[in-house]
Structures are given as structure tokens and as C-alpha cells.
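A.B. asks: Take a look at the letters that make up each chain.
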Amino acid sequence: MADLKTLVLGKKDIADLDTETEMPHELMTVNMGPSHPAMHGTVRIVLTVDGERIVKGDVQPGYLHRCFEKEAEHATYTQIFPYTDRLNYVSPMINNCGYAMAVEKLLGITDRIPRRAEFIRVIVSEISRITDHMTCVGASAMELGAFGPFLFLLKAREWLYTLLEEVSGARLTHSYVRVGGVGKDLPAGWLPKLAARLTETEAALAEAEQMLNLNKIFRDRMAGVGAISREDAIAWGQTGPVGRAAGIDYDVRKDHPYSVYPEFEFDVPLGTTGDCLDRYLVRVEEIKQSMRILRQAMAALPDGPVMIDDGHVALPPKAEAYNTIEGMIRHFKHIVDGIKVPAGEAYTFVEGGNGELGFFIVGDGTGRPYKCYVRSPSFVHLSTAEKIFKNHLIADIVPIFGMINMIGGECDK
Amino acid sequence: MAQKVVDAVKAKFGDAVVATSSEHGDEVITVKRDKLLAIATFLKDDPAMSFEVPVFVTTIDLAHWQPLGRRGAPDEGTRPAYDADASDGLRFEVCYQLRSLKHRHRIRVKVQVKETDTKVPSLTPLWPGFNWQERETFDMYGIRFDGHPDLRRIYLYDEFVGYPLRKDYPKDKRQPLVRRPDLVGDH
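Residue numbers (our numbering), protein chains in the order written: chain A, 1 to 413; chain B, 1 to 187.
Don't read these hints as lab results, they were simulated from the structure.
For each residue, glycine too, the CB sits at the ideal point set by N, CA and C.
Honestly, I wouldn't trust all of these hints.
Quick look at which bits of chain B chain A covers, simulated, 3 or more residues with Cβ under 8 Å [claimed, not checked]: (1) 45-55; (2) 60-67; (3) 96-104; (4) 116-129.
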């Protein structure tokens, strides 16, 4: 026994151990990222750690900076749609819609968008919201070691991507929405396919939920981790699922309604603790609410045109562009000079996958924006990461980062 | 929607308000730089205002501002074209967008600064959410926020020369990253 006592941290007596309150410590700097397997997205974190505990985490974005604003200032209003696809690349349709609405606000044609186009925008936006949340939940679960739910959710996400590909022609970078409406109508027989896929997606989501909700490891890694109070979340500008998990009752679709959202019935889930588990639960519930909106929108989808009937905004029909000189000139002017947007400025915001996604556009009367700023929720949420990380363990970065759902393209613009 | 906010600020701060406007449902209030902090504090703390949520910060560079009306004629209705030689020469418009959860109203507060003197009081002490937004504006436009706790470039590297979103920065200019330890921290 005497030997064992000597072995315990070199102390002669067990009683001596109690007098020592803490181990001698020295701060250490650890570099995490920009390319790290446990973080989706390229971002660098310079951590100052005390053992495993984070004292300070300097988050450095910018590795995916693509000069969105500078490029937008040199492109016509229609040419900017492909750039918006690449902002939040897991829910490009919402970016498309938000940007189109901003230009429409400047043009003063918000009330004249055909109803069918508005419904189609809501449908594709809600599908995008589902894919966004599924990616976030699935990838976060995978990073915590739960590979099964990731596969279930990504399988379902692929079904929805296939449907969006049928609508737009591209799996990920849709560029489907246009100023004044949408690019083309839904293909024939698409709605029944969507209805069938929604039922299957629900089953896949239920499977994933079964594997996660009462999983002890998952709950231990998520509950109580990365909590933020409601007051802090407001002062830091958090919106979307992250803000709602902290108890902020704010959803742009409810509080500043746009498009045809007031016609649909849906609930806004709220969290109480603001930790990672609440962020996860809010996201799962939002997927279900999006499905509710989708079912209502499919049932109420009106017939009619999908593009505004206004020569200043819409391209002439192809038959006219190919057969008449006026149509061809209009087509040419539209492509080369762009849509003439009157001078002025407007801020338009929609409920993106991650929160309030806003476009602040200044027009100067030409076919190109004078300024096109995007208020990206990922950027705002990532700025709170440093505050959330503090006093957590290095391993907690993975669920916190996963649930903040920083999307590199949107954060770095 | 937020017209009563504009009226309240006008009534309380009178001559500190340079201009107000309301287009497309967005209320905008342009204030004098030295009164920005006082007005922002009022907007945040007054119960009838209670703008608790920071939305965004950005800057409009007016250097190439020459609005056109219909059919390409100069636009008379909006803000006039920018003239660098004019005595006031206010080139940059720093915009702060605020939102109130309680009253559901929004406002955009603007401050105009000259090219030669781009200092603006930082609102990060009031709304911590403006921290990164102001760093981004500094990075892209070179606006210097007085009282910001950590004003560094955020997207670009420290060695970057110039401010890329200013209108006089050419779009096709290339700046390869060359490590210059002597430049770090000095813009």
C-alpha cells in the first residue's frame, strides 16, 4: 500500500492531494482549420486553450471570399442570380427569391407578381429550407459519430434535389427565379411526385429522429453545450433557428410577412435553453412545418402565368424574339443592358435557411446595381461563435459549429 | 411604418438630423457624425423606440454616383451626382440598419463622411452584433470605427493594400499574397 501512495502523482500521502486545488497550467495556442475534417466549411480558429478548456477562440473567416458585391456591381440584375446561388449553396432557391424580391421592390412591381409564380417560389423555398436543415442536422450528427442518420437524411435530401433539378435543370445551383416571376413553369406531373417524396422524406426524418432524439451520446454532446441567453442572442443579432432556439420569437415569414406566406398555416417552434440540443430540435420541427406549408401550397396552387406581363422586366417570348425585329431588339437590349431599375435604395429580407437573409440594393437607373449588399445570417452567427466557445472543451467546438451551421459561401460572400 | 421614430428623433435631436427619407417602405434618417452615438443610444434605450436588434452595417461609396432617369437622362429626383471638388465632398454613407422586436419597426441610420476623414463612432459597445459587421466595412471601404474593440481586416489578409469595394478600386486588379511581416497590423 505504501508503494501505491507514492505513485499517486508522486505524493507521499493521499491527504496531500486534497490540498492541491489545481494543476499548474500554461496557456497554449492551437490552430484549428481552415481545412479541418470536423468542421464543414473553411474557417480558421486560433484557439487559446488552458488544457482542454477554451480561453479564447479567434475565428477567422474569408477563405471562401468570392467578391460577391464587387462582381454584382459589374453584372446586370439578371446575371446576379448565379452568384446568389453560391451564397448559401444548400438552399439556393431562398437566395434567388430574396434577391428577386429586392429588385422587384426597387422596380415597384412587388404587388404585380403573378400568384402562380409566388406559390412556386414558396414551394421551392420550402423545399430548400428542408434540404438546408437536413444537411445541418445530418452533418452535425455525423461529426458526433452518428453516421446512420446522416445517410438517411442525405438520401432524402437527394430526392428533393432531384425534384429541384427537374424544375430548374441544375442539381445545386438552380438560378431558377427571375425578376418578375420564375424562369419556367413546373414540369408536368411534378406535384404528385413531390407529394410522394414528401411522405418518404417524412419517414426518413422519423428514422433519423429515432436514432438521435433519445440517443444518450448525442444528447450528452448537445444538451447544455453552447447555450446563449435570449438577451445575448438579441444583442448579437441572432435570427433563424439559432435565435429561435434561444427563445426569440422572430420568423420573417410571420413578423414581416412577404409573398403569399400569410395564406398558410404554420407554427414557429421556439427553444428555451438556447443550447445545441434546442437548435437541433427547432430545426427538426421546422422541417415538419415546411412540409405543412408545402402540402397547403400544393393544394392551393393556382393556374396562370409564371412571369410578369411587363416588357420592361420580362424577356419577350421566344417565338416573338426569333420572328419579329422588335422582339429581337427587346431581347438584345434586355440581355446586354439589363433591366432598368430606377434610382433608389431598398432593403428586403426573407427567412433564409439560417435566419434573416437580406439584400440591400442601391440602383442608379442603369441595368446594373450601384451597390448590392447581402446581409448573410451565417456571418452574423459565426461572429457569436467566439462568445459561445468560451469555457467549453475543444471537443464541444464540433457540435457548436455544426449547429451554428456556418455556410462558407454565405459567410464569406 | 417607422415614421413616428423619425418624428421622435427629429423632435429630440432637431438640428442633428441632416435629412430623412422614406422610399419603398424603408425609413432612413441621416444624422450628424458627432451626434450618432447619442441618437443610437436613444434609439436603443427609449422604450418607445427599443431597437434591440442590430441588422447590418454597410457603406455606400458615392464616388461614381450619377443617377439616370428614364431613357438615360440625368435623374433629378434623387440624390444629386457626386462632385469630389465640392466643398463638403461627403463621399461615404455609412448605413446602420436596426430593428425592434417589440414594436416590429425598422430604421436605417446613416452618417456621411469625407474621403479624407473616414472616422465614425463605433456602435459595437451598444450592439455587440455590429462587431464583425464594422470590421467588414472597415475591410472593404476603409471606414475607421472609433471605439471599436478589435478593428482588423476580416475577409482579406493584413498585407492587402487598399479597400476593394471602393468605386476607384479596379475590379480586375490582382494582389497576390506576399508575406510582409513589417506590414502586419498597419493599414
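A.B. asks: Under 8 Å between beta-carbons, do enough residues of the region 96-104 of chain B, three at least, approach chain A for the coverage claim to hold?
C.D. replies: Per the Cβ count (3), the hint holds.
A.B. asks: With a cut-off of 8 Å between beta carbons, are at least three residues of the region 45-55 of chain B near chain A?
C.D. replies: Check passed, 4 qualifying residues.
A.B. asks: Please count how many residues of the region 116-129 of chain B have a CB within 8 Å of a CB from chain A and say whether that reaches 3.
C.D. replies: holds (count 3)
A.B. asks: Given that the region 60-67 of chain B was listed as covered by chain A, double-check it with a C-beta distance under 8 Å for 3 or more residues.
C.D. replies: Coverage by chain A holds for the region 60-67 of chain B (6 residues, Cβ < 8 Å).
Comparing the model with each earlier hint shows no violations; every hint is respected.
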